[in-house]
Amino acid sequence: MCGIVAIYASMLNNDELRKAILDAGKKIRHRGPDWNGVRILPKGIAIEHERLAIIDPESGAQPLISNDGTITLAVNGEVYNYRELSATLQTPYVFKTKSDCEVIIPLYKQHGRAFLRHLRGMFSFVLYDSAKDVLIAARDHMGITPLYYGYGADGSVWFASEMKALAHGCVRFDLFPPGHVFTSTTGEFTRWYNPGWMESGHIGKTPLNLATLRDAFETAVTKRMMSDVPWGVLLSGGLDSSLVASIACRHQKKLFEAGADTEWSPRLHSFTIGLENSPDLAAAKEVAKYLGTIHHSYTYTIQEGIDAVSDVIYHLETYDVTTIRASTPMFLMSRKIKAMGIKMVLSGEGADEVFGGYLYFHKAPNAQAFHDETVNKLKGLHQYDCLRANKSTSAWGVEARVPFLDADFLEVAMNLDSTEKMCDRQSGRMEKYIIRKAFDTPENPYLPNNILWRQKEQFSDGVGYGWIDALKDWAERDISDRQMKHAELLFPYNTPQTKEAYLYRSIFSKHFEKEVAAQTVPGGPSIACSTAAAIEWDASFKNAADPSGRAIAGVHVDAYKAPTH
1 MCGIVAIYAS
11 MLNNDELRKA
21 ILDAGKKIRH
31 RGPDWNGVRI
41 LPKGIAIEHE
51 RLAIIDPESG
61 AQPLISNDGT
71 ITLAVNGEVY
81 NYRELSATLQ
91 TPYVFKTKSD
101 CEVIIPLYKQ
111 HGRAFLRHLR
121 GMFSFVLYDS
131 AKDVLIAARD
141 HMGITPLYYG
151 YGADGSVWFA
161 SEMKALAHGC
171 VRFDLFPPGH
181 VFTSTTGEFT
191 RWYNPGWMES
201 GHIGKTPLNL
211 ATLRDAFETA
221 VTKRMMSDVP
231 WGVLLSGGLD
241 SSLVASIACR
251 HQKKLFEAGA
261 DTEWSPRLHS
271 FTIGLENSPD
281 LAAAKEVAKY
291 LGTIHHSYTY
301 TIQEGIDAVS
311 DVIYHLETYD
321 VTTIRASTPM
331 FLMSRKIKAM
341 GIKMVLSGEG
351 ADEVFGGYLY
361 FHKAPNAQAF
371 HDETVNKLKG
381 LHQYDCLRAN
391 KSTSAWGVEA
401 RVPFLDADFL
411 EVAMNLDSTE
421 KMCDRQSGRM
431 EKYIIRKAFD
441 TPENPYLPNN
451 ILWRQKEQFS
461 DGVGYGWIDA
471 LKDWAERDIS
481 DRQMKHAELL
491 FPYNTPQTKE
501 AYLYRSIFSK
511 HFEKEVAAQT
521 VPGGPSIACS
531 TAAAIEWDAS
541 FKNAADPSGR
551 AIAGVHVDAY
561 KAPTH
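Note that the sequence shown covers residues 1 to 565 in the UniProt record's numbering.
Quick caveat, the hints were computed from the structure, so don't treat them as lab data.
Since the structure is predicted, the reported quantities are computational estimates derived from the model, not experimental observations.
Heads up, none of these hints are tricks.
What follows is a set of in silico ranges between Cβ atoms, one per label pair, in the way DEER data are often shown: (1) 513 with 196: 39 to 49 Å; (2) 22 with 97: 21 to 31 Å; (3) 292 with 16: 55 to 65 Å; (4) 335 with 26: 17 to 27 Å; (5) 408 with 89: 13 to 23 Å; (6) 205 with 424: 12 to 22 Å; (7) 340 with 523: 31 to 41 Å; (8) 340 with 301: 14 to 24 Å.
Below, computed lysine-lysine pairings styled on DSS-like, alpha-carbon distance capped at 25 Å: (9) 510 with 27; (10) 289 with 437; (11) 338 with 289; (12) 514 with 19; (13) 26 with 338; (14) 510 with 26.
Where a beta carbon is used, it is the ideal one built from N, C-alpha and C, also for glycine.
Construct all of the structure, not just a fragment, from the sequences and the given hints.
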(Lines of atoms letter the chains of each structure in order from A and count residues from 1; the text may use other names and numbers.)
(Lines give C-alpha, C1' and ligand atoms only; values in the text may rest on other atoms or scores of the structure.)
Protein backbone atom coordinates (compact mmCIF):
# COMPACT_ATOMS: atom_id res chain seq x y z
CA MET A 1 0.00 0.00 0.00
CA CYS A 2 1.40 3.36 -1.04
CA GLY A 3 0.64 6.99 -0.28
CA ILE A 4 -0.12 9.85 -2.66
CA VAL A 5 -0.30 13.62 -2.32
CA ALA A 6 -1.28 16.11 -5.03
CA ILE A 7 -1.73 19.88 -5.12
CA TYR A 8 -3.61 21.62 -7.92
CA ALA A 9 -3.69 25.33 -8.80
CA SER A 10 -1.41 26.48 -5.98
CA MET A 11 -0.20 30.09 -5.82
CA LEU A 12 3.15 29.02 -4.35
CA ASN A 13 6.30 29.31 -6.41
CA ASN A 14 7.98 26.08 -7.47
CA ASP A 15 10.44 25.96 -4.57
CA GLU A 16 7.69 26.60 -2.03
CA LEU A 17 5.42 24.09 -3.75
CA ARG A 18 8.08 21.39 -3.67
CA LYS A 19 8.65 21.97 0.03
CA ALA A 20 4.91 21.94 0.76
CA ILE A 21 4.26 18.65 -1.00
CA LEU A 22 7.37 16.96 0.40
CA ASP A 23 6.36 18.02 3.91
CA ALA A 24 2.89 16.57 3.33
CA GLY A 25 4.35 13.37 1.92
CA LYS A 26 6.53 12.84 4.99
CA LYS A 27 3.36 12.70 7.09
CA ILE A 28 2.33 9.51 5.29
CA ARG A 29 5.73 7.94 4.60
CA HIS A 30 4.80 4.97 6.79
CA ARG A 31 2.50 3.93 3.93
CA GLY A 32 5.36 3.80 1.43
CA PRO A 33 8.74 3.45 3.12
CA ASP A 34 10.54 2.03 0.07
CA TRP A 35 10.92 5.16 -2.06
CA ASN A 36 9.33 8.50 -2.83
CA GLY A 37 9.05 10.58 -5.97
CA VAL A 38 7.77 14.07 -6.72
CA ARG A 39 7.01 16.00 -9.89
CA ILE A 40 6.45 19.75 -10.02
CA LEU A 41 4.41 20.81 -13.05
CA PRO A 42 3.37 24.18 -14.51
CA LYS A 43 0.30 26.05 -13.24
CA GLY A 44 0.93 25.30 -9.57
CA ILE A 45 0.59 21.52 -9.84
CA ALA A 46 2.59 19.01 -7.80
CA ILE A 47 2.22 15.23 -7.52
CA GLU A 48 4.06 13.12 -4.94
CA HIS A 49 4.17 9.37 -4.28
CA GLU A 50 5.35 7.34 -1.28
CA ARG A 51 5.98 3.79 -2.48
CA LEU A 52 5.48 0.37 -0.95
CA ALA A 53 6.98 -1.89 -3.62
CA ILE A 54 4.98 -5.10 -4.15
CA ILE A 55 4.72 -5.43 -7.94
CA ASP A 56 7.90 -4.70 -9.92
CA PRO A 57 9.93 -3.43 -6.95
CA GLU A 58 12.95 -2.60 -9.13
CA SER A 59 11.44 -0.32 -11.80
CA GLY A 60 7.90 0.60 -10.75
CA ALA A 61 8.66 3.90 -9.00
CA GLN A 62 6.10 6.71 -9.29
CA PRO A 63 4.88 9.21 -10.37
CA LEU A 64 4.57 7.43 -13.71
CA ILE A 65 4.94 9.52 -16.86
CA SER A 66 3.50 8.71 -20.30
CA ASN A 67 5.79 8.10 -23.26
CA ASP A 68 4.93 11.49 -24.74
CA GLY A 69 5.42 13.25 -21.40
CA THR A 70 1.89 14.68 -21.26
CA ILE A 71 0.46 12.49 -18.49
CA THR A 72 1.67 12.24 -14.90
CA LEU A 73 0.13 9.57 -12.67
CA ALA A 74 0.40 8.61 -9.00
CA VAL A 75 -1.53 5.59 -7.73
CA ASN A 76 -2.13 4.03 -4.34
CA GLY A 77 -3.39 0.51 -4.86
CA GLU A 78 -3.41 -2.49 -7.15
CA VAL A 79 -5.01 -3.18 -10.55
CA TYR A 80 -5.52 -6.95 -10.52
CA ASN A 81 -6.60 -7.26 -14.17
CA TYR A 82 -3.77 -5.18 -15.62
CA ARG A 83 -2.54 -7.96 -17.91
CA GLU A 84 -5.99 -8.46 -19.43
CA LEU A 85 -6.43 -4.71 -19.84
CA SER A 86 -3.07 -4.39 -21.56
CA ALA A 87 -4.24 -6.91 -24.14
CA THR A 88 -7.32 -4.80 -24.98
CA LEU A 89 -5.41 -1.65 -25.97
CA GLN A 90 -6.33 -0.51 -29.48
CA THR A 91 -3.16 1.54 -29.84
CA PRO A 92 0.09 -0.26 -28.95
CA TYR A 93 1.76 1.20 -25.88
CA VAL A 94 5.37 0.73 -24.83
CA PHE A 95 5.37 0.17 -21.07
CA LYS A 96 8.30 1.60 -19.15
CA THR A 97 7.75 -0.65 -16.13
CA LYS A 98 6.10 -3.90 -15.09
CA SER A 99 3.88 -2.02 -12.63
CA ASP A 100 0.23 -3.03 -12.62
CA CYS A 101 -0.72 0.65 -12.38
CA GLU A 102 0.97 1.88 -15.57
CA VAL A 103 -1.87 0.45 -17.67
CA ILE A 104 -4.02 3.35 -16.42
CA ILE A 105 -2.15 5.74 -18.74
CA PRO A 106 -2.99 4.07 -22.09
CA LEU A 107 -6.48 3.18 -20.83
CA TYR A 108 -7.11 6.85 -20.09
CA LYS A 109 -5.84 7.79 -23.56
CA GLN A 110 -8.19 5.25 -25.12
CA HIS A 111 -11.35 5.71 -23.06
CA GLY A 112 -11.04 9.00 -21.18
CA ARG A 113 -12.61 8.90 -17.71
CA ALA A 114 -14.77 5.96 -18.81
CA PHE A 115 -11.75 3.67 -18.37
CA LEU A 116 -12.57 3.49 -14.66
CA ARG A 117 -15.31 0.96 -15.22
CA HIS A 118 -12.74 -1.45 -16.67
CA LEU A 119 -10.48 -1.48 -13.60
CA ARG A 120 -10.69 -4.35 -11.14
CA GLY A 121 -8.84 -3.68 -7.94
CA MET A 122 -8.39 -1.23 -5.12
CA PHE A 123 -7.03 2.17 -5.97
CA SER A 124 -6.90 5.89 -5.42
CA PHE A 125 -5.06 7.96 -7.98
CA VAL A 126 -4.35 11.42 -9.33
CA LEU A 127 -3.68 11.92 -13.05
CA TYR A 128 -2.73 15.16 -14.77
CA ASP A 129 -3.06 15.52 -18.54
CA SER A 130 -1.07 18.57 -19.64
CA ALA A 131 -2.32 18.32 -23.24
CA LYS A 132 -5.88 18.92 -22.05
CA ASP A 133 -4.91 20.82 -18.90
CA VAL A 134 -7.10 18.59 -16.75
CA LEU A 135 -6.47 16.84 -13.46
CA ILE A 136 -8.61 13.89 -12.45
CA ALA A 137 -8.65 12.05 -9.15
CA ALA A 138 -10.59 8.87 -8.44
CA ARG A 139 -11.25 6.30 -5.76
CA ASP A 140 -12.16 2.63 -6.11
CA HIS A 141 -15.70 1.28 -6.01
CA MET A 142 -15.84 0.61 -2.25
CA GLY A 143 -13.24 3.01 -0.90
CA ILE A 144 -10.88 0.17 0.02
CA THR A 145 -7.95 2.55 -0.34
CA PRO A 146 -8.27 5.83 1.57
CA LEU A 147 -8.37 9.24 -0.10
CA TYR A 148 -9.09 12.74 1.18
CA TYR A 149 -9.44 16.08 -0.56
CA GLY A 150 -9.11 19.62 0.74
CA TYR A 151 -8.89 23.28 -0.17
CA GLY A 152 -6.06 25.67 0.59
CA ALA A 153 -6.56 29.32 1.52
CA ASP A 154 -5.24 30.30 -1.93
CA GLY A 155 -7.97 28.29 -3.68
CA SER A 156 -5.74 25.29 -4.36
CA VAL A 157 -7.18 21.77 -4.32
CA TRP A 158 -5.30 19.05 -2.44
CA PHE A 159 -5.56 15.26 -2.43
CA ALA A 160 -3.89 12.80 -0.06
CA SER A 161 -4.13 9.20 1.09
CA GLU A 162 -4.49 10.31 4.71
CA MET A 163 -6.01 13.34 6.37
CA LYS A 164 -2.84 14.20 8.29
CA ALA A 165 -1.16 15.21 5.02
CA LEU A 166 -3.82 17.89 4.50
CA ALA A 167 -4.21 19.19 8.05
CA HIS A 168 -1.54 21.90 7.72
CA GLY A 169 -2.01 23.10 4.14
CA CYS A 170 -5.81 23.07 3.93
CA VAL A 171 -8.44 25.21 5.62
CA ARG A 172 -11.04 22.50 5.08
CA PHE A 173 -10.94 18.88 3.98
CA ASP A 174 -13.13 15.80 3.77
CA LEU A 175 -13.30 12.18 2.65
CA PHE A 176 -13.15 11.61 -1.08
CA PRO A 177 -16.34 9.61 -1.80
CA PRO A 178 -15.86 5.99 -2.93
CA GLY A 179 -16.73 5.15 -6.52
CA HIS A 180 -16.35 8.79 -7.60
CA VAL A 181 -14.07 10.77 -9.88
CA PHE A 182 -13.10 14.46 -9.56
CA THR A 183 -12.42 16.55 -12.66
CA SER A 184 -10.61 19.89 -12.38
CA THR A 185 -12.39 21.47 -15.35
CA THR A 186 -15.71 21.36 -13.49
CA GLY A 187 -14.52 21.01 -9.90
CA GLU A 188 -17.21 18.38 -9.42
CA PHE A 189 -17.32 14.81 -8.13
CA THR A 190 -19.13 12.32 -10.36
CA ARG A 191 -20.11 8.77 -9.44
CA TRP A 192 -18.53 6.28 -11.84
CA TYR A 193 -19.54 3.10 -9.97
CA ASN A 194 -23.28 2.51 -10.34
CA PRO A 195 -24.21 -1.15 -9.78
CA GLY A 196 -27.88 -2.04 -9.94
CA TRP A 197 -27.83 -3.67 -6.51
CA MET A 198 -27.02 -0.31 -4.95
CA GLU A 199 -30.14 1.41 -6.32
CA SER A 200 -32.94 2.38 -3.94
CA GLY A 201 -35.67 -0.23 -3.73
CA HIS A 202 -33.61 -2.95 -5.38
CA ILE A 203 -33.79 -6.43 -3.93
CA GLY A 204 -31.83 -9.50 -4.97
CA LYS A 205 -33.81 -12.00 -7.04
CA THR A 206 -31.20 -14.24 -8.70
CA PRO A 207 -31.77 -17.88 -7.67
CA LEU A 208 -29.05 -19.22 -5.42
CA ASN A 209 -26.44 -21.42 -7.09
CA LEU A 210 -23.87 -22.49 -4.54
CA ALA A 211 -21.29 -23.51 -7.14
CA THR A 212 -21.50 -20.11 -8.85
CA LEU A 213 -21.08 -18.32 -5.53
CA ARG A 214 -18.14 -20.53 -4.59
CA ASP A 215 -16.41 -20.05 -7.95
CA ALA A 216 -16.87 -16.28 -7.82
CA PHE A 217 -15.22 -16.04 -4.43
CA GLU A 218 -12.37 -18.36 -5.33
CA THR A 219 -11.64 -16.11 -8.31
CA ALA A 220 -11.74 -13.04 -6.08
CA VAL A 221 -9.13 -14.56 -3.78
CA THR A 222 -6.77 -15.94 -6.41
CA LYS A 223 -6.58 -12.71 -8.42
CA ARG A 224 -5.30 -10.99 -5.26
CA MET A 225 -2.40 -13.38 -4.90
CA MET A 226 -0.20 -11.53 -7.42
CA SER A 227 2.95 -10.33 -5.69
CA ASP A 228 6.68 -10.01 -6.31
CA VAL A 229 7.43 -10.00 -2.56
CA PRO A 230 6.68 -12.36 0.38
CA TRP A 231 3.05 -12.31 1.52
CA GLY A 232 0.68 -14.05 3.91
CA VAL A 233 -2.85 -14.27 5.26
CA LEU A 234 -4.49 -12.82 8.35
CA LEU A 235 -6.20 -15.68 10.17
CA SER A 236 -8.52 -15.05 13.09
CA GLY A 237 -10.03 -18.52 13.01
CA GLY A 238 -13.42 -17.11 12.08
CA LEU A 239 -15.26 -18.02 8.89
CA ASP A 240 -14.19 -15.11 6.69
CA SER A 241 -10.43 -15.16 7.13
CA SER A 242 -10.39 -18.96 7.23
CA LEU A 243 -12.10 -19.23 3.84
CA VAL A 244 -9.64 -16.75 2.36
CA ALA A 245 -6.72 -18.72 3.79
CA SER A 246 -8.10 -22.05 2.60
CA ILE A 247 -8.57 -20.87 -0.99
CA ALA A 248 -5.16 -19.21 -1.04
CA CYS A 249 -3.48 -22.39 0.22
CA ARG A 250 -5.21 -24.52 -2.40
CA HIS A 251 -4.27 -22.18 -5.22
CA GLN A 252 -0.69 -21.75 -4.04
CA LYS A 253 -0.28 -25.52 -3.94
CA LYS A 254 -1.64 -25.84 -7.49
CA LEU A 255 0.76 -23.19 -8.76
CA PHE A 256 3.70 -24.89 -7.11
CA GLU A 257 2.77 -28.33 -8.40
CA ALA A 258 2.36 -26.92 -11.92
CA GLY A 259 5.80 -25.34 -11.74
CA ALA A 260 4.36 -21.86 -12.25
CA ASP A 261 5.60 -20.54 -8.93
CA THR A 262 8.87 -22.08 -7.81
CA GLU A 263 10.51 -19.06 -6.18
CA TRP A 264 8.54 -19.21 -2.93
CA SER A 265 7.56 -22.13 -0.75
CA PRO A 266 4.02 -23.45 -1.38
CA ARG A 267 3.30 -23.11 2.34
CA LEU A 268 1.75 -19.78 3.23
CA HIS A 269 2.46 -17.76 6.34
CA SER A 270 -0.60 -17.05 8.49
CA PHE A 271 -0.92 -14.59 11.36
CA THR A 272 -3.21 -14.12 14.32
CA ILE A 273 -3.21 -12.10 17.54
CA GLY A 274 -5.09 -12.11 20.81
CA LEU A 275 -4.90 -11.92 24.55
CA GLU A 276 -3.65 -15.07 26.24
CA ASN A 277 -6.24 -17.87 25.85
CA SER A 278 -8.48 -15.80 23.55
CA PRO A 279 -11.01 -17.54 21.23
CA ASP A 280 -9.22 -16.44 18.06
CA LEU A 281 -5.85 -17.89 19.05
CA ALA A 282 -7.27 -21.36 19.55
CA ALA A 283 -9.45 -21.32 16.45
CA ALA A 284 -6.70 -19.92 14.22
CA LYS A 285 -4.25 -22.57 15.43
CA GLU A 286 -6.73 -25.28 14.49
CA VAL A 287 -7.30 -23.82 11.02
CA ALA A 288 -3.58 -23.33 10.40
CA LYS A 289 -2.86 -26.93 11.32
CA TYR A 290 -5.65 -28.12 9.03
CA LEU A 291 -4.42 -26.01 6.10
CA GLY A 292 -0.73 -26.58 6.73
CA THR A 293 0.28 -22.93 6.91
CA ILE A 294 3.40 -21.65 8.64
CA HIS A 295 1.51 -20.08 11.50
CA HIS A 296 2.54 -17.16 13.68
CA SER A 297 0.45 -16.62 16.79
CA TYR A 298 1.04 -13.42 18.73
CA THR A 299 -0.23 -12.40 22.13
CA TYR A 300 -0.43 -8.94 23.58
CA THR A 301 -1.19 -7.70 27.06
CA ILE A 302 -3.97 -5.31 27.92
CA GLN A 303 -1.40 -2.70 28.91
CA GLU A 304 0.38 -3.04 25.56
CA GLY A 305 -2.94 -2.48 23.85
CA ILE A 306 -3.78 0.57 25.94
CA ASP A 307 -0.32 1.99 25.32
CA ALA A 308 -0.93 1.77 21.57
CA VAL A 309 -4.38 3.41 21.46
CA SER A 310 -3.11 6.95 20.90
CA ASP A 311 -0.97 5.81 17.97
CA VAL A 312 -3.91 3.85 16.59
CA ILE A 313 -6.14 6.92 16.67
CA TYR A 314 -3.44 8.98 14.96
CA HIS A 315 -2.92 6.47 12.17
CA LEU A 316 -6.58 5.58 11.65
CA GLU A 317 -7.80 9.18 11.94
CA THR A 318 -10.98 8.18 13.73
CA TYR A 319 -12.54 8.19 17.18
CA ASP A 320 -15.20 5.56 16.41
CA VAL A 321 -15.37 3.19 19.38
CA THR A 322 -15.76 -0.17 17.64
CA THR A 323 -13.12 0.72 15.05
CA ILE A 324 -10.53 1.57 17.71
CA ARG A 325 -11.31 -1.55 19.72
CA ALA A 326 -10.74 -3.79 16.69
CA SER A 327 -7.89 -1.82 15.14
CA THR A 328 -5.56 -1.87 18.13
CA PRO A 329 -4.72 -5.60 18.03
CA MET A 330 -4.55 -5.45 14.22
CA PHE A 331 -2.13 -2.51 14.49
CA LEU A 332 0.08 -4.46 16.92
CA MET A 333 0.01 -7.57 14.74
CA SER A 334 0.95 -5.58 11.62
CA ARG A 335 4.14 -4.44 13.31
CA LYS A 336 5.10 -8.07 13.91
CA ILE A 337 4.26 -8.96 10.31
CA LYS A 338 6.43 -6.14 8.99
CA ALA A 339 9.32 -7.30 11.16
CA MET A 340 9.18 -10.67 9.39
CA GLY A 341 9.62 -9.08 5.97
CA ILE A 342 6.03 -9.66 4.86
CA LYS A 343 4.65 -6.78 2.77
CA MET A 344 1.19 -7.99 1.78
CA VAL A 345 -1.59 -9.95 3.48
CA LEU A 346 -5.02 -11.19 2.47
CA SER A 347 -7.83 -10.38 4.89
CA GLY A 348 -11.51 -11.20 5.35
CA GLU A 349 -13.18 -7.79 5.65
CA GLY A 350 -16.50 -7.28 3.86
CA ALA A 351 -18.20 -10.64 4.31
CA ASP A 352 -20.40 -9.43 7.16
CA GLU A 353 -21.68 -6.54 5.07
CA VAL A 354 -22.30 -8.63 1.95
CA PHE A 355 -24.04 -11.53 3.69
CA GLY A 356 -25.51 -9.90 6.79
CA GLY A 357 -23.05 -11.51 9.15
CA TYR A 358 -23.47 -9.24 12.15
CA LEU A 359 -25.63 -10.71 14.87
CA TYR A 360 -28.26 -7.97 14.69
CA PHE A 361 -29.25 -9.23 11.22
CA HIS A 362 -31.16 -11.98 13.02
CA LYS A 363 -33.73 -9.29 13.82
CA ALA A 364 -34.26 -8.11 10.22
CA PRO A 365 -38.06 -7.97 9.72
CA ASN A 366 -38.05 -8.92 6.02
CA ALA A 367 -35.84 -9.49 2.98
CA GLN A 368 -36.09 -5.90 1.75
CA ALA A 369 -34.93 -4.51 5.09
CA PHE A 370 -32.15 -7.09 5.16
CA HIS A 371 -30.92 -6.14 1.68
CA ASP A 372 -31.20 -2.40 2.33
CA GLU A 373 -29.09 -2.76 5.47
CA THR A 374 -26.37 -4.69 3.63
CA VAL A 375 -26.27 -1.97 0.97
CA ASN A 376 -26.08 0.80 3.56
CA LYS A 377 -23.33 -1.07 5.38
CA LEU A 378 -21.33 -1.43 2.17
CA LYS A 379 -21.79 2.24 1.32
CA GLY A 380 -20.31 3.22 4.67
CA LEU A 381 -17.60 0.59 4.85
CA HIS A 382 -14.86 3.03 3.81
CA GLN A 383 -15.32 4.76 7.18
CA TYR A 384 -15.12 1.58 9.23
CA ASP A 385 -13.66 -1.82 8.25
CA CYS A 386 -11.95 -0.65 5.05
CA LEU A 387 -10.35 2.13 7.05
CA ARG A 388 -9.30 -0.33 9.77
CA ALA A 389 -7.88 -2.93 7.41
CA ASN A 390 -5.98 -0.38 5.37
CA LYS A 391 -4.61 2.00 7.96
CA SER A 392 -3.85 -0.52 10.72
CA THR A 393 -1.57 -2.37 8.31
CA SER A 394 -0.21 0.56 6.30
CA ALA A 395 0.93 2.20 9.54
CA TRP A 396 3.76 -0.35 9.35
CA GLY A 397 4.19 -0.52 5.57
CA VAL A 398 2.01 -3.60 5.02
CA GLU A 399 -0.75 -3.88 2.40
CA ALA A 400 -4.06 -5.64 3.14
CA ARG A 401 -6.16 -7.01 0.28
CA VAL A 402 -9.85 -7.81 0.76
CA PRO A 403 -11.36 -10.33 -1.71
CA PHE A 404 -14.91 -10.15 -0.30
CA LEU A 405 -15.13 -6.63 -1.77
CA ASP A 406 -14.14 -7.69 -5.28
CA ALA A 407 -16.43 -5.88 -7.76
CA ASP A 408 -17.26 -9.00 -9.78
CA PHE A 409 -17.95 -11.01 -6.64
CA LEU A 410 -20.25 -8.26 -5.37
CA GLU A 411 -22.25 -8.48 -8.61
CA VAL A 412 -22.90 -12.14 -7.89
CA ALA A 413 -23.45 -11.96 -4.13
CA MET A 414 -25.51 -8.76 -3.95
CA ASN A 415 -27.94 -9.86 -6.66
CA LEU A 416 -28.74 -13.21 -5.05
CA ASP A 417 -32.27 -13.78 -3.80
CA SER A 418 -32.24 -11.75 -0.58
CA THR A 419 -34.46 -14.24 1.25
CA GLU A 420 -31.63 -16.77 0.97
CA LYS A 421 -29.39 -14.55 3.09
CA MET A 422 -31.79 -14.10 5.99
CA CYS A 423 -31.03 -15.67 9.37
CA ASP A 424 -33.44 -18.03 11.08
CA ARG A 425 -32.16 -19.60 14.26
CA GLN A 426 -35.12 -21.94 14.61
CA SER A 427 -34.39 -23.60 11.27
CA GLY A 428 -30.63 -23.47 11.83
CA ARG A 429 -29.92 -20.79 9.23
CA MET A 430 -27.23 -18.86 11.06
CA GLU A 431 -25.68 -15.65 9.80
CA LYS A 432 -23.81 -15.95 6.46
CA TYR A 433 -25.52 -19.30 5.90
CA ILE A 434 -25.21 -19.35 2.11
CA ILE A 435 -21.48 -18.62 1.94
CA ARG A 436 -20.91 -21.30 4.59
CA LYS A 437 -23.06 -23.73 2.62
CA ALA A 438 -21.24 -22.88 -0.63
CA PHE A 439 -18.00 -24.12 0.90
CA ASP A 440 -19.56 -27.05 2.76
CA THR A 441 -18.15 -29.73 0.46
CA PRO A 442 -17.65 -32.94 2.50
CA GLU A 443 -16.02 -34.74 -0.43
CA ASN A 444 -13.26 -32.12 -0.55
CA PRO A 445 -13.60 -29.96 2.58
CA TYR A 446 -12.19 -26.46 2.71
CA LEU A 447 -12.30 -26.16 6.51
CA PRO A 448 -13.04 -28.18 9.64
CA ASN A 449 -16.78 -28.33 10.20
CA ASN A 450 -16.66 -26.51 13.54
CA ILE A 451 -14.79 -23.61 11.93
CA LEU A 452 -17.03 -23.44 8.87
CA TRP A 453 -20.01 -23.12 11.20
CA ARG A 454 -18.37 -21.01 13.93
CA GLN A 455 -20.57 -18.09 14.94
CA LYS A 456 -19.59 -14.51 14.26
CA GLU A 457 -17.25 -12.79 16.71
CA GLN A 458 -16.48 -9.11 16.38
CA PHE A 459 -12.70 -8.89 16.03
CA SER A 460 -12.44 -6.92 19.25
CA ASP A 461 -14.30 -9.74 21.04
CA GLY A 462 -12.45 -12.59 19.36
CA VAL A 463 -9.03 -11.37 20.47
CA GLY A 464 -10.21 -11.74 24.06
CA TYR A 465 -13.31 -10.64 25.95
CA GLY A 466 -11.17 -8.89 28.56
CA TRP A 467 -9.96 -6.36 25.98
CA ILE A 468 -13.21 -4.40 25.74
CA ASP A 469 -13.78 -4.55 29.49
CA ALA A 470 -10.28 -3.18 30.09
CA LEU A 471 -10.88 -0.27 27.71
CA LYS A 472 -14.10 0.59 29.53
CA ASP A 473 -12.31 0.44 32.88
CA TRP A 474 -9.58 2.74 31.58
CA ALA A 475 -12.16 5.27 30.42
CA GLU A 476 -14.02 5.02 33.71
CA ARG A 477 -10.83 5.92 35.58
CA ASP A 478 -9.77 8.76 33.27
CA ILE A 479 -13.05 10.47 32.41
CA SER A 480 -15.09 12.01 35.21
CA ASP A 481 -18.87 12.29 35.48
CA ARG A 482 -18.45 16.07 35.34
CA GLN A 483 -16.65 15.82 31.99
CA MET A 484 -19.46 13.68 30.62
CA LYS A 485 -22.07 16.13 31.86
CA HIS A 486 -20.48 18.92 29.83
CA ALA A 487 -19.40 16.82 26.85
CA GLU A 488 -21.63 18.73 24.45
CA LEU A 489 -19.88 22.01 25.24
CA LEU A 490 -16.48 20.63 24.27
CA PHE A 491 -17.66 18.35 21.49
CA PRO A 492 -20.84 19.76 19.92
CA TYR A 493 -20.39 17.57 16.82
CA ASN A 494 -20.82 13.82 17.44
CA THR A 495 -21.04 14.40 21.18
CA PRO A 496 -19.63 11.33 23.02
CA GLN A 497 -22.33 9.28 24.73
CA THR A 498 -20.03 7.09 26.85
CA LYS A 499 -16.80 7.63 28.75
CA GLU A 500 -14.96 5.37 26.34
CA ALA A 501 -16.13 7.48 23.41
CA TYR A 502 -15.14 10.66 25.29
CA LEU A 503 -11.66 9.27 25.92
CA TYR A 504 -11.05 8.46 22.26
CA ARG A 505 -12.47 11.79 21.13
CA SER A 506 -10.12 13.63 23.50
CA ILE A 507 -7.11 11.78 22.12
CA PHE A 508 -8.25 12.44 18.55
CA SER A 509 -8.58 16.16 19.23
CA LYS A 510 -4.99 16.32 20.46
CA HIS A 511 -3.78 14.81 17.19
CA PHE A 512 -6.18 16.73 14.94
CA GLU A 513 -7.14 20.09 16.39
CA LYS A 514 -9.33 21.44 13.58
CA GLU A 515 -13.08 20.91 13.96
CA VAL A 516 -13.25 19.94 10.29
CA ALA A 517 -11.15 16.87 11.14
CA ALA A 518 -13.74 15.65 13.64
CA GLN A 519 -16.42 16.04 10.98
CA THR A 520 -14.79 13.38 8.80
CA VAL A 521 -15.77 10.72 11.35
CA PRO A 522 -19.30 9.24 11.23
CA GLY A 523 -21.59 9.11 14.23
CA GLY A 524 -25.08 8.12 15.27
CA PRO A 525 -26.61 5.22 17.20
CA SER A 526 -25.42 1.68 16.47
CA ILE A 527 -25.84 -1.82 17.80
CA ALA A 528 -23.27 -4.50 16.90
CA CYS A 529 -22.01 -2.29 14.05
CA SER A 530 -25.49 -1.58 12.63
CA THR A 531 -26.61 1.54 10.82
CA ALA A 532 -29.05 3.84 12.61
CA ALA A 533 -31.93 2.45 10.53
CA ALA A 534 -31.51 -1.06 11.95
CA ILE A 535 -31.94 0.24 15.50
CA GLU A 536 -35.67 0.23 14.73
CA TRP A 537 -35.72 -3.53 14.18
CA ASP A 538 -35.93 -4.38 17.87
CA ALA A 539 -36.95 -2.36 20.92
CA SER A 540 -34.00 -3.69 22.92
CA PHE A 541 -31.56 -2.14 20.44
CA LYS A 542 -32.59 1.38 21.44
CA ASN A 543 -31.51 0.85 25.04
CA ALA A 544 -28.20 -0.92 24.42
CA ALA A 545 -25.33 0.91 26.10
CA ASP A 546 -22.54 -0.82 24.18
CA PRO A 547 -22.04 -1.22 20.41
CA SER A 548 -20.47 -4.68 20.74
CA GLY A 549 -22.09 -7.76 19.25
CA ARG A 550 -22.41 -9.11 22.78
CA ALA A 551 -25.26 -6.66 23.26
CA ILE A 552 -27.54 -8.70 20.98
CA ALA A 553 -29.53 -10.60 23.56
CA GLY A 554 -30.50 -14.17 22.78
CA VAL A 555 -28.40 -14.48 19.64
CA HIS A 556 -24.74 -14.79 20.61
CA VAL A 557 -23.91 -18.37 21.56
CA ASP A 558 -20.66 -20.30 21.44
CA ALA A 559 -21.63 -21.98 18.19
CA TYR A 560 -24.47 -23.41 16.19
CA LYS A 561 -24.41 -27.09 15.57
CA ALA A 562 -23.32 -27.74 12.01
CA PRO A 563 -26.24 -28.93 9.87
CA THR A 564 -26.35 -32.57 8.95
CA HIS A 565 -25.81 -33.52 5.32
